[in-house]
Amino acid sequence: MEDLRPTTVTEDPVQRRDLILLDRAREGDLDAFNDLVVVYQDMLFALVVRMVPDRDQASDAVQEAFFSAYRNMAGFRGGSVRSWLSRIAINAAMDAQRLKKRRPADPYPELEDDTWQPPADASADPVTTSLTLERHRALGHAMAQITNDQRTAIVLYDVEGYDYAEIAELAGVSVGTIKSRIHRGRLALRGLLADRMDLFRG
Amino acid sequence: MGGSPCAACSRIEWTSSVADPKAGPDEAELAAIARHALHDEELVAAYAAGDVEDATDQARARSFIERCSTCRDIHRDVAVIRTAMRASGSASERAATISAPRDFRLTAEDAARLRPDSPIARVARRLGWRARLDLGIAAFGRPVGAAMATFGVVGLLIGSLTLGGGPGSLFSAQSAGAVPSAPGSELTGPAATPAIDRTQFGPEATALDSKNPGPVPGVRETTNQAAVTVALFGGSIAFLVLGIALFVAARRRLATATLR
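These protein sequence lines map, in sequence, to chains A and B.
Under the numbering used here, the first residue of the first sequence is numbered 1, with each subsequent residue one higher.
Under the numbering used here, the first residue of the second sequence is numbered 203, with each subsequent residue one higher.
Everything labelled a hint here was simulated from the structure, so no lab data went into it.
The reader is advised that the hints may include incorrect statements.
[Unchecked claim] If you want the footprint, here are the derived chain B segments under chain A, 3+ residues with CB under 8 Å:
id : region
1  : 235 to 249
2  : 276 to 283
3  : 302 to 309
[Said to hold, decoys possible] Interface residues of chain A toward chain B, partial, derived using beta-carbon atoms under 10 Å:
id : residue
4  : V38
5  : A138
6  : D158
7  : H183
8  : R186
9  : A194
Treat the numbers as computed from the prediction; the structure is a model and nothing was measured.
Beta carbons: idealized from backbone N, C-alpha and C, even for Gly.
Work out the full structure: start from the sequences and follow the hints.
So this is what it looks like as structure tokens:
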């Protein structure tokens, strides 16, 4: 008999695969859930490490996100599994930030994010590639120094493409507060990058 | 501090506050900085991101950018930073080259531990009832515990005074023979004994009762006083112990809640 539940009706093959895996996981198939983990762990780590610029804490947050996802599989109401997991990971990252705020003794280390290379254009010359890399590195270091709230809002809005209302809902604050965090965060970044703005203006 | 201050020996270099026509650019720069201090940088940053909806605010932001070079720089830099951020690669793009530092797959033990339980337990966990209980006990336990312990100590002190020291104390009343005599207690010899032996039954007791129709006020008062003292002592000790226990528990819970 054909399954007509909305969670399995989708045209996108990736989403279709995800929903099938999630359905099997909900029926108790741990391997199916772990398949989802394997598919999304790198993406979620890349997302969380931008918000929590400490690789160990980011790893813990991602692990907590998968625990939370497993615990709340029944609460999945359809749509994109990827978005659902991303939201859980964002919440876990915010929890990690709150925990950090309560124990501010250890500041975030400067994120050595050398594993990531910006997508290089095939026609780009080495100078441009090097400049782009340097720009991203400077930006990453500055991002690690602004406040957690500002960083989260900027990453979600500028990088991940969430809109103000979605970020406000995730953070549990008003849209105005999110806008203010983003604008102040950009101003703070400008202050931190003051002596390196030539990299960006060029 | 000898000698009079003079221009030659003074270490302070005096400068004129009157504008020097030769130092024109500096003055202009200072004036620009002073002017910019009154400008709303956040408004300019919001304008650079296209987030200013109000027409009046838009006009203000535009005028800042047109008239103030610092605001112009902010406008340009914020736009550039925003572009750089957007180009820095989303999580999906980064996932192609970044690998998670560990394997996040769940083990069978993890799954058993995390398996969704009953709806009530789920709601309770979502509400964080344990954390709330901890914080509740931590918040109210210390003052309530301290108050209870204080009551306990005060009760013990009053009980001690009643038992031993003051003019109304049980022992002083007994030792002074201040127990009021019952009418029947004037009887001496063997006949006096049954007057307080109220455990006897039968015709004799009935006869005695008919002689002493009411209770023996002195004895009963002493008994009541003793009972009250015992109750006071017991209650005070209970309050003291409970108060201290509550206080200690509250401190521990607070420490746990803070660590969590």
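Do the hints match the structure? See the list:
1. 235 to 249: holds (count 4)
2. 276 to 283: Per the Cβ count (6), the hint holds.
3. 302 to 309: holds (count 7)
4. V38: Holds, because the Cβ-Cβ distance from V38 (chain A) to chain B comes to roughly 7 Å (cut-off 10 Å).
5. A138: For A138 (chain A), the interface hint holds, since the closest Cβ of chain B sits about 9 Å away, which is under 10 Å.
6. D158: holds, 4 Å
7. H183: holds, 4 Å
8. R186: holds, 5 Å
9. A194: holds, 9 Å
Checked against the numbered hints given earlier, this structure breaks none of them.
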